[in-house]
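Q: The listed protein sequences correspond, in order, to chains R and Y.
1 is the number of the first residue of the first sequence in this note's numbering; add one for each residue after it.
162 is the number of the first residue of the second sequence in this note's numbering; add one for each residue after it.
Since the hints were derived computationally from the structure, they do not count as laboratory data.
What you are looking at is a predicted structure, and each value in this text was computed from that prediction instead of being measured.
Glycine is no exception: its CB is placed at the ideal position from the N, C-alpha and C atoms.
One thing to keep in mind: the hints can contain errors.
Covered stretches of chain R (in silico footprint by chain Y; criterion: 3 or more residues with CB under 8 Å from a CB of chain Y, positions within the stretch not fixed) [what the hints assert, rightly or not]:
1) 75–89
2) 114–127
List of simulated lysine-lysine pairs, DSSO-like, C-alpha gap at most 30 Å [claimed, not checked]:
3) R:Lys3 x Y:Lys315
4) R:Lys3 x Y:Lys234
5) Y:Lys234 x R:Lys117
6) Y:Lys284 x R:Lys155
7) Y:Lys374 x R:Lys3
8) R:Lys135 x Y:Lys234
9) Y:Lys405 x R:Lys117
10) Y:Lys234 x Y:Lys503
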Amino acid sequence: MLKRTGIPTSDDLQSVTPDKERLLEGPVAIIECFNEIPCDPCFYSCPFKAIKKFDDINDKPELDYSKCTGCGNCIASCPGLAIFVVDYPKNRLSLPYEFLPLPSVGDKVWGLNRAGKSICQVEVIKVKDPDKNDKTAVITIRLSKKYLMEVRHIKVGDLDE
Amino acid sequence: MILLINTDLLVIGGGPAGMTAALKAAKRKAEVIIVERYHELGGQLTKQTHRFFGSKSEQAGTRGIDIARGLTKEIQNMSEIKVLTEATAQGYYEDKIVTVSYQNKFRKIRAKRIIIATGASEKMMLFENNDLPGVYGAGAIQTLMNLYGILPGKKVIMVGAGNIGLIVSYQLLQAGVEVKAVIEADSEIGGYLVHASKIRRTGVPIYTGHSVKSAIGESSVKGAEIIKLDENWQMITGTERFIKADTICLAVGLRPLVSLLIQADCAMVYVPELGGDVPIRDENLKTTNDQIFVAGDAAGIEEATAAMLEGEIAGLKAASEIGYLSEDVVEETRRLKRELKKLRGGPIGRKIRRGLSKVRGDDNVKKNRYSHLR
Ligand SMILES: Cc1cc2nc3c(=O)[nH]c(=O)nc-3n(C[C@H](O)[C@H](O)[C@H](O)COP(=O)(O)OP(=O)(O)OC[C@H]3O[C@@H](n4cnc5c(N)ncnc54)[C@H](O)[C@@H]3O)c2cc1C
Ligand code: SF4
Ligand code: SF4
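Input sequences plus hints: build the corresponding full structure.
A: See the structure below:
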């Protein structure tokens, strides 16, 4: 249970995952932010107004999947590092990353699940670390479809470790 | 002879609450002195390398250190504000004078109004061997690591899964330190779940319903014995487990730093929801001593956004009481109070709301904890 372990349950996840049809259409944000906290920067970061304006700053973010283009702008804005973009057709996942050294494009690294277990090898295909992201890099990886909804972190370094 | 300095407003403590209070008052042309015991302004913010939560309009999403830098710069550009660093307010005297030790010299300051924004100190936790070298408070670890670039150890056990425990765990991971586990006595994680999830997915286990029974080691920490707790927080014998580590970091809560408020005869109440003894005050943060306001963690443990809003309200009110009136005061104060209310509106704010209900009103003044001292 999320409140005891920090690992969201499948029910939690279902509430923030678009249906298969939307996933098949192309990249979309998955916002894994499950408790009502006084926080709202994600709303301001979305150029497409896909994240609904917060009536109350404590509301949970609400995403309109039909407006979300999967541009990934929101990823680095979230202080909770809770936003990911999944590109189902292209087997890609973009995630926030705040550790050094940053991986390089082409690197093979471990994909970790929400419990921190290394579950598969993934390939780094984009590393974005512009100044405007203020040190939160956005890493895009390619991985097997079956792990797209499982992997949420990467471990850079020797794969044999 | 001890120099006596006169000013309109004295702000004690240069954290986010004190800085915003000073700015608000100075912008209305009040003459302000800030005394800060550390060598620079910023308070807790100088150690916060992570992005802040809160409302975007109060700089959420920005890293704490950058918020501190921004406010410090603004203060340096205001000729109305004089900043004394390495200046510790020592005492408040009956003649309404505050004594300050400033770079090893003694000073007296007489101000028309005083805003006390001294922040908080860390709570300690009782367990066997808790005086072993290698047992640290979270604040000390942040200071070592984020200000001086010194790692406290290689393998850390974090005690406390509130926001501070979770955030400091994350900062340790970023510094390349292994966090062996986060131990939390409560049955649920107290901090924001997004923080918990972000350390969990790096592989750090979070053990709720657990505590530290003893630190293990001869001359320094070699590990800790942790134990399961029942719903009444009693240890369940037979559930002990050893975790190897060279550092135990305690993040078990903060307590408002209120000694100056007690000296100044402000009525105090004990409010566990706010972290301990806090002063009774009205909506403008005025205490029961007409000269004194309080703001930020010293008024109750909360967050930087709340501290900044409280600082602004107190600064504005203090300036107008001194005589620096401006047309927008009423409207601006209303706006700030609205923001504060919104911030405290959700479920996370419930505890704060409950706490605040105990610090207002005449009935509560009668409960003054220190009245017997008079
Ligand atoms: C690990 C950690 C993470 C946090 N993360 C967040 C977050 O993400 N978002 C958020 O909103 N908040 C966060 N906070 C909380 C936030 O930092 C505090 O709520 C905020 O700093 C309180 O501001 P303050 O001005 O009241 O006190 P402080 O920042 O504590 O400042 C008080 C100042 O007063 C000075 N002082 C004390 N006594 C004296 C004296 N006698 N004379 C002179 N000077 C004195 C101190 O040196 C200090 O500089 C975090 C706190 C911690 C510890
Ligand atoms: S991915 Fe782009 S469009 Fe979708 S919510 Fe984030 S910022 Fe908005
Ligand atoms: S910015 Fe992140 S943590 Fe804050 S509300 Fe949005 S998703 Fe949640």
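Q: Next, verify each hint and record whether it holds.
A: Hint check:
1. 75–89: This one holds; 6 residues, not fewer than the three required, reach chain Y with a Cβ under 8 Å.
2. 114–127: Satisfied; 4 residues make the cut.
3. R:Lys3 x Y:Lys315: 28 Å, holds
4. R:Lys3 x Y:Lys234: 40 Å, violated
5. Y:Lys234 x R:Lys117: 44 Å, violated
6. Y:Lys284 x R:Lys155: 35 Å, violated
7. Y:Lys374 x R:Lys3: The hint holds at about 23 Å.
8. R:Lys135 x Y:Lys234: 22 Å, holds
9. Y:Lys405 x R:Lys117: Within the cut-off at roughly 20 Å; holds.
10. Y:Lys234 x Y:Lys503: 28 Å, holds
Checked against the numbered hints given earlier, this structure breaks hints 4, 5 and 6; the rest are met.
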